[in-house]
Each structure stands twice: as C-alpha cells, then as structure tokens.
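Asks: Going down the list, the sequences are from chains B and D.
Counting from 1, position 154 in the first sequence corresponds to residue 205 in our numbering; the numbering is continuous, with no gaps.
Counting from 1, position 101 in the second sequence corresponds to residue 113 in our numbering; the numbering is continuous, with no gaps.
Keep in mind that the hints were calculated from the coordinates and are not lab data.
Each hint should be verified, as a subset may be incorrect.
What the hints assert, rightly or not - With a cut-off of at most 20 Å between alpha-carbon atoms, the simulated SDA-like pairs for lysine to any residue come out as follows: (1) K141(B) - K68(D); (2) K134(B) - G91(D); (3) K164(B) - G91(D); (4) K68(D) - K176(B); (5) K176(B) - R27(D); (6) K68(D) - G91(D).
What the hints assert, rightly or not - Among the chain D residues that face chain B by a calculated CB cut under 8 Å, a handful are: (7) F32; (8) Q67; (9) V70; (10) F72; (11) E75; (12) A76; (13) R85; (14) I88; (15) K89; (16) R92.
What the hints assert, rightly or not - Away from chain D, derived, C-beta distances all over 12 Å, residues of chain B: (17) A99; (18) K124; (19) V166; (20) G201; (21) S244.
All residues carry an ideal CB built from backbone N, CA and C; glycine is no exception.
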Amino acid sequence: MNCYLCDRTIPLQVTWRSIFFTEREEVICFQCQTEFERIETGCPICSAVGEEKCLDCCEWEKTEYAGLIDNGKSLYRYNPAMKEYLHRYKFLQDVVLSEVFAKQLKEELRGQKSVIVPIPMNENKLRQRTFSQVDRLLDAASIPYVHVLGKHEIGLGGKSKVERIALQDVFWWNGQPVPEKILLFDDLYTTGSTLRLAAKVLKEKGAKEIKTLTLIRA
Amino acid sequence: MKQVEEFLTGRIWLRHFIPFPKEQIDRAILNGSVTTRFGITDEKQCIRCLEHSLQKIVPFYCEACQQICHYCRHCIKMGRISSCTELITWALPSTNLLQSHSFNWTGNLTPLQQRASHEVQKSISQKNDHLIYAVCGAGKTELLFPPIFEALKIGLRICLAAPRTDVVLELTPRLRAAFPNTIIHSLYGNAPEELGFAQLVVTTTHQLYRFENAFDVMIVDEADAFPYSYDIALKRAVVKAKKKEAPIVYVSATPSTELLKQVAHVSKLFKRFHGYPLPIPKFQSLWRYDKTFAKGQLPKKLTVWVDEKIDKKEPFLLFFPTIELIEQAIDIFKRKYPALEAVYSQDADRKEKVMKLRQKEIPGLITSTILERGITIPNVQVAVIGADEAIFDAAALIQISGRVGRSSEYPDGEIIFFHNGITRQMDKAKKMIISYNGGL
Ligand SMILES: [Zn+2]
Ligand SMILES: [Zn+2]
Ligand SMILES: [Zn+2]
Ligand SMILES: [Zn+2]
Numbered sequence: 052m053n054c055y056l057c058d059r060t061i062p063l064q065v066t067w068r069s070i071f072f073t074e075r076e077e078v079i080c081f082q083c084q085t086e087f088e089r090i091e092t093g094c095p096i097c098s099a100v101g102e103e104k105c106l107d108c109c110e111w112e113k114t115e116y117a118g119l120i121d122n123g124k125s126l127y128r129y130n131p132a133m134k135e136y137l138h139r140y141k142f143l144q145d146v147v148l149s150e151v152f153a154k155q156l157k158e159e160l161r162g163q164k165s166v167i168v169p170i171p172m173n174e175n176k177l178r179q180r181t182f183s184q185v186d187r188l189l190d191a192a193s194i195p196y197v198h199v200l201g202k203h204e205i206g207l208g209g210k211s212k213v214e215r216i217a218l219q220d221v222f223w224w225n226g227q228p229v230p231e232k233i234l235l236f237d238d239l240y241t242t243g244s245t246l247r248l249a250a251k252v253l254k255e256k257g258a259k260e261i262k263t264l265t266l267i268r269a
Numbered sequence: 013m014k015q016v017e018e019f020l021t022g023r024i025w026l027r028h029f030i031p032f033p034k035e036q037i038d039r040a041i042l043n044g045s046v047t048t049r050f051g052i053t054d055e056k057q058c059i060r061c062l063e064h065s066l067q068k069i070v071p072f073y074c075e076a077c078q079q080i081c082h083y084c085r086h087c088i089k090m091g092r093i094s095s096c097t098e099l100i101t102w103a104l105p106s107t108n109l110l111q112s113h114s115f116n117w118t119g120n121l122t123p124l125q126q127r128a129s130h131e132v133q134k135s136i137s138q139k140n141d142h143l144i145y146a147v148c149g150a151g152k153t154e155l156l157f158p159p160i161f162e163a164l165k166i167g168l169r170i171c172l173a174a175p176r177t178d179v180v181l182e183l184t185p186r187l188r189a190a191f192p193n194t195i196i197h198s199l200y201g202n203a204p205e206e207l208g209f210a211q212l213v214v215t216t217t218h219q220l221y222r223f224e225n226a227f228d229v230m231i232v233d234e235a236d237a238f239p240y241s242y243d244i245a246l247k248r249a250v251v252k253a254k255k256k257e258a259p260i261v262y263v264s265a266t267p268s269t270e271l272l273k274q275v276a277h278v279s280k281l282f283k284r285f286h287g288y289p290l291p292i293p294k295f296q297s298l299w300r301y302d303k304t305f306a307k308g309q310l311p312k313k314l315t316v317w318v319d320e321k322i323d324k325k326e327p328f329l330l331f332f333p334t335i336e337l338i339e340q341a342i343d344i345f346k347r348k349y350p351a352l353e354a355v356y357s358q359d360a361d362r363k364e365k366v367m368k369l370r371q372k373e374i375p376g377l378i379t380s381t382i383l384e385r386g387i388t389i390p391n392v393q394v395a396v397i398g399a400d401e402a403i404f405d406a407a408a409l410i411q412i413s414g415r416v417g418r419s420s421e422y423p424d425g426e427i428i429f430f431h432n433g434i435t436r437q438m439d440k441a442k443k444m445i446i447s448y449n450g451g452l
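Given these sequences and hints, build the entire structure.
Replies: This is the structure:
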C-alpha cells in the first residue's frame with residue numbers, strides 16, 4: 052500500500068507479530084512518521100514546553116476556570132509536518148487521515164478508567180465539513196466514547212482571550228448522564244479555552260474528575 | 013451571464029467554489045446554460061481527474077448527505093470531490109468568445125527551427141499528433157510561436173501544458189510578450205484566479221483536471237515519459253482537456269521509445285540554436301564517495317574539480333542522487349567552501365540561490381535532480397556525483413548535461429559524471445548526446 056501522506060509505497064514488514072496477529076497495516080511510511088514530534092515532557096495540564104505548570108495554565112488558575120482540569124496531556128507538537136497533516140485532514144477533508152494516529156491513540160487510551168467525551172461539533176459545521184474530525188480519530192483507534200455535550204454555533208477563532216472566556220454558553224449539556232470521571236478529548240489544544248468551557252459545564256452537571264487529552268499542542 | 017460563460021467554457025468546476033454569486037449560477041442551471049454533475053460516478057470514478065482505483069476513491073460516512081459517500085484522494089488538493097459534490101460546466105456551444113491577436117516577436121528562427129515550425133503548423137492544420145524532438149537549448153519555445161499565432165488567428169483554443177510550475181512561470185511572460193493582445197491564462201497550484209476567456213492557456217498538467225473538452229490544440233512540454241507517464245492520471249487529463257479531434261504536439265528532449273513509435277510526425281532538432289555541438293560528458297571514477305562523505309571528508313578528485321572551477325571563476329552545479337547525501341555533504345563542503353549553497357525540492361529559497369549563482373555571488377550550488385531542467389546559467393560547469401545511481405537514468409543525465417553550454421557566449425563547458433562504476437544508463441546518455449551532434 053502507499054503512504055497516506057507522501058504516496059510512496061510502504062515496504063511490507065513481515066515480523067513474527069504480523070504473522071501471528073492481524074495487526075493493522077501501517078498507513079504512513081517510516082519517513083513520514085519521523086516527521087512528527089512526540090511530546091515527552093511538558094506542562095502537567097497542557098503539555099506546553101517546560102517541566103512545570105506553564106504560565107498560561109497558571110493564569111487560568113486565577114479565573115473562575117481554576118481547578119476544572121485535574122490533569123491533561125497532549126501527544127504531539129504542532130510542527131510543520133503536523134500543520135500540514137491537520138490542514139489536509141480538517142481543511143481538505145481527507146477523512147482517511149483519521150487513521151494516521153490510530154495506533155498511538157489506542158496505546159494512550161488503552162485501559163482508560165475515565166469515560167471518554169469528545170469535544171462535539173456544531174451541527175451546521177458538521178454538515179459543512181461532512182465528518183467530525185475528533186470522533187473519527189477515536190473511531191479509527193476503536194476507542195468507545197459518549198457525547199454528553201452539544202455546541203452552539205459560535206466561532207471561537209478571531210476572538211481575544213477575554214472575549215472567549217466570556218463565551219459562557221458555547222457548550223450545553225445534551226441530557227445524557229454525566230459520568231463522574233471524564234477524559235475530555237480534542238484534536239488541538241490552542242489556548243485551552245475550548246476544553247475549559249466544556250469542563251465547566253460538565254463539572255456543573257456533576258462530573259467529579261476531568262482529565263484532558265489532545266492530539267496536538269499548538 | 014457572459015462572464016459565467018467565459019469562465020466556465022471548457023471547464024469543470026466545483027459548484028460551491030465558483031467565483032460568481034450563487035443566484036447567478038442557480039439561474040444558469042435553471043435555464044440550461046450550465047449543467048451540473050455529481051463528482052464521483054456510480055462506477056466510482058472521479059469525473060474531474062478520472063481516477064478510479066480503490067486506493068484513491070475511498071468511502072466514508074458523509075454527514076452532508078447522511079449516507080456512505082466516496083471521495084477522490086487523487087485530486088483532493090484542488091478541493092475535495094465526493095459523491096455528493098456538484099461540479100458544473102458550461103453546457104452550450106460557445107458563442108463569439110474569440111479575440112483579435114497580434115504577434116510581436118522580432119527574433120529569428122534558424123533554418124532548422126524554421127523547418128520544424130512549418131512541420132508543426134502543418135500537423136496542427138491536418139489534426140495530426142506531432143513530436144518536437146529537440147535537444148536542450150534548441151530553441152523549441154520560439155519555434156512554437158508561429159504555429160500558435162496561426163492557430164489563434166483562425167479561432168482555435170490552445171493549451172500549453174508543462175509538468176512543473178517553474179516551467180509555466182518561465183513560459184508565461186515570454187508568451188505574453190509575443191502575443192500582447194491575447195488573453196493568456198497562467199495556471200498552477202495557488203495561482204491567482206483569472207476571469208474571462210483565455211484563448212491561450214499555459215498550465216501545469218495538474219491544472220488540466222479542471223478542463224474538459226476545451227482545447228483545439230494541445231501542446232505538452234517535457235513529454236518525456238509519455239505515454240507511460242509516472243502518473244497515468246496526467247495522461248488522462250491531457251486527453252480529457254482537449255477536444256476529441258484535437259491534435260497533441262509533444263515536446264521532448266528525451267522521448268520514450270513508445271512515444272517515438274506512437275507519433276508519426278516528428279521534427280528533430282539536434283542542434284542548439286547557436287549552432288555549437290552539445291558538450292559530451294566525461295566519466296571519472298569516484299570510488300566509495302558515500303563512505304568518504306560519511307567519514308566527514310570530501311573525495312579528493314571532487315575537491316580538485318571544484319578548486320579548478322573556483323580558480324577560473326566559473327559557476328558550477330553539483331548534482332547529488334539523494335537529499336540525505338546533500339544534507340550530509342553540504343556541511344562538509346561548507347567547512348572548506350563557506351560560500352557554497354545547497355538547494356533541494358522543498359527549499360523555499362531555491363529561486364534566490366539560483367539567482368545568486370547566476371549573479372556570481374556564490375561560486376556553486378549543490379542540488380538534487382530538481383534543478384535538472386529549466387535553468388540557464390551562462391558558462392555553468394556541471395558535475396554529477398554518483399552518476400551510477402538509479403535516479404540518474406539516461407534521460408535525467410541528458411537533461412543535466414543540457415544545462416551546459418546553452419548561451420552563445422559560452423557554447424562549451426564541462427559536464428562530468430563522477431561514478432562508482434559505469435552504468436548502461438551513463439553509456440546510453442553519452443551515446444545519445446554524441447548522436448545528436450551528428451556522430452555515430
Ligand atoms: Zn510517507
Ligand atoms: Zn499548561
Ligand atoms: Zn479526482
Ligand atoms: Zn456526501
């Protein structure tokens with residue numbers, strides 16, 4: 052098969068594992084894999100560069116959003132290869148690219164005790180994009196999840212942080228039972244407002260512990 | 013409506029990305045002047061790029077049409093096409109879109125160019141496919157001017173397609189200068205969108221996907237690999253973009269044997285426009301050069317060659333087989349020759365670096381095969397390092413050799429193949445060049 056990203060043929064790797072287990076075929080080549088930068092250490096909430104809690108997250112702790120996120124993690128840095136990937140996946144709508152990080156997400160979420168709640172998409176936006184990029188990442192990794200939230204059609208982009216924080220009603224509870232332990236999942240962590248707005252609604256509706264996982268830290 | 017007609021004639025465009033108000037297009041569809049089709053056929057073929065492989069036409073659950081939809085991965089960069097995407101074309105025969113033209117070119121054709129030019133014109137008028145088999149520097153573009161002008165005058169729509177953006181960017185100003193009254197569109201990835209009807213279109217082969225049944229004359233530049241192209245889809249695009257009866261004029265310095273067999277009408281130009289013969293490549297062994305680089309050293313014979321060029325103040329190009337080797341070698345080179353630069357395909361500063369070489373601000377450039385075509389640097393000297401590597405087939409080596417001696421002030425120059433053993437491809441390249449010069 053050909054690499055989803057560079058279209059070169061991927062040489063078939065025959066290992067003892069591939070003979071005894073039907074592993075998923077690799078969808079991108081080794082060369083393309085090495086282009087992505089895995090985050091080893093970082094802020095315990097958002098994985099920003101550094102060992103300790105980052106300045107941004109400390110700022111959040113001074114607001115009404117303090118303590119909403121118990122801890123969090125992001126898997127990859129937003130380097131040029133990742134920018135290109137996200138552009139192709141989200142903007143060009145190359146749906147199959149949801150499979151690129153399936154293995155890594157599966158490893159990360161294997162044995163997860165919390166209930167996984169993806170950040171939802173607005174209905175209109177969903178019809179426009181024709182697929183939910185967040186759900187599909189989880190689907191590709193065969194990770195079960197539940198939707199507890201709905202989203203209003205308010206674009207976050209282009210607003211200043213203060214304005215964003217004022218957007219109380221971006222997410223609403225959709226009436227499904229709210230689990231006590233939740234892992235909120237999103238594709239991209241930029242300012243952290245999306246996850247905190249969602250976490251606020253969930254905690255108000257009875258969630259006790261909220262962790263976060265994002266694929267990419269911008 | 014005139015504007016919509018001008019824009020959409022011969023084109024196949026995503027309905028939702030058309031640069032006209034939605035109401036205008038809706039009306040045009042209602043009154044039948046514009047037709048709409050879904051992007052993927054029932055047989056799972058993309059109607060824009062004609063791709064139909066299972067690898068490239070893939071299913072997904074579509075939230076727009078609430079069912080399983082297929083989309084095309086092959087041409088996705090031009091805006092994704094899926095089963096529920098609508099594409100539109102101008103449905104009616106074109107009315108009066110033709111323009112008047114003038115020809116403003118004062119150069120002279122050599123007798124050889126003149127003859128080829130006539131032959132091309134004849135083939136076009138008889139609707140025969142034609143091949144211009146011309147060595148690098150033979151002046152193939154100029155000889156196309158008169159036939160293009162004749163075709164424009166009788167109202168034919170002409171397309172000049174080249175595989176790479178660089179070539180399109182190089183050809184466009186020359187054509188605009190030669191045909192100052194003609195609307196000429198220049199199309200490549202991320203090109204600014206141009207409205208109006210162009211009777212002459214210069215385009216990358218990729219952008220041809222957006223045309224259908226459009227051209228009366230199709231000129232394919234650098235058609236080396238046709239018909240067995242590295243990308244069969246591009247060949248399909250050429251056929252789809254032209255009208256059924258329209259002749260194809262292939263231009264190539266190294267046509268495949270299949271193409272030579274397939275096209276009956278061939279004009280051969282084995283002489284450069286300045287009349288001097290092509291420089292013949294020299295072979296020079298450079299045993300285990302990769303190991304030398306790996307040890308952080310420069311092969312002795314190579315530094316001797318480079319030193320000589322620097323002494324004589326002659327600009328030079330060093331072609332390397334892989335980007336990995338370039339990255340390794342450039343650091344080692346820079347220790348001895350700090351002014352040297354390297355370029356490869358992803359390099360954003362490519363153009364600036366080539367310009368620096370041309371203006372003698374730097375002595376030389378290390379490059380991948382990306383620079384094999386389309387650049388002219390007066391008095392340039394060329395070395396291929398690892399000429400025995402598979403990437404350097406005879407066609408590539410001939411193209412690279414063609415960089416040397418292009419200008420009439422410096423019709424000669426050195427082309428040297430450093431190798432780890434002489435390959436058949438190297439031999440073939442040398443023999444071909446000698447035969448172009450009238451030897452053998
Ligand atoms: Zn790849
Ligand atoms: Zn943080
Ligand atoms: Zn397509
Ligand atoms: Zn659909």
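Asks: It remains to establish, for every hint, whether it holds in the given structure.
Replies: Structure-based check of each hint:
1. K141(B) - K68(D): At roughly 18 Å apart (the allowed maximum being 20 Å), K68(D) and K141(B) satisfy the hint.
2. K134(B) - G91(D): holds (18 Å)
3. K164(B) - G91(D): Measuring from Cα to Cα gives roughly 41 Å; hence the hint is violated.
4. K68(D) - K176(B): violated (26 Å)
5. K176(B) - R27(D): holds (19 Å)
6. K68(D) - G91(D): Distance ~15 Å between K68(D) and G91(D) Cα, so the pair holds.
7. F32: Hint on F32(D): violated, closest Cβ of chain B at ~20 Å, above 8 Å.
8. Q67: holds (6 Å)
9. V70: holds (6 Å)
10. F72: F72(D) check passes; min Cβ-Cβ to chain B is 4 Å, inside 8 Å.
11. E75: Constraint on E75(D) satisfied, holds at 5 Å.
12. A76: A76(D) check passes; min Cβ-Cβ to chain B is 5 Å, inside 8 Å.
13. R85: Cβ of R85(D) sits 6 Å from chain B, so the hint holds.
14. I88: holds (5 Å)
15. K89: Given a least distance of 7 Å, the restraint on K89(D) holds.
16. R92: With Cβ-Cβ at 5 Å, under 8 Å, it holds.
17. A99: The assertion about A99(B) holds, with a minimum of 28 Å to chain D.
18. K124: Given a closest Cβ separation of 28 Å, the condition holds.
19. V166: The assertion about V166(B) holds, with a minimum of 23 Å to chain D.
20. G201: Given that every Cβ of chain D is farther than 12 Å from that of G201(B), nearest at about 15 Å, it holds.
21. S244: S244(B) is indeed farther than 12 Å from all Cβ atoms of chain D, at 25 Å.
When each numbered hint is compared with the structure, violations occur for hints 3, 4 and 7.
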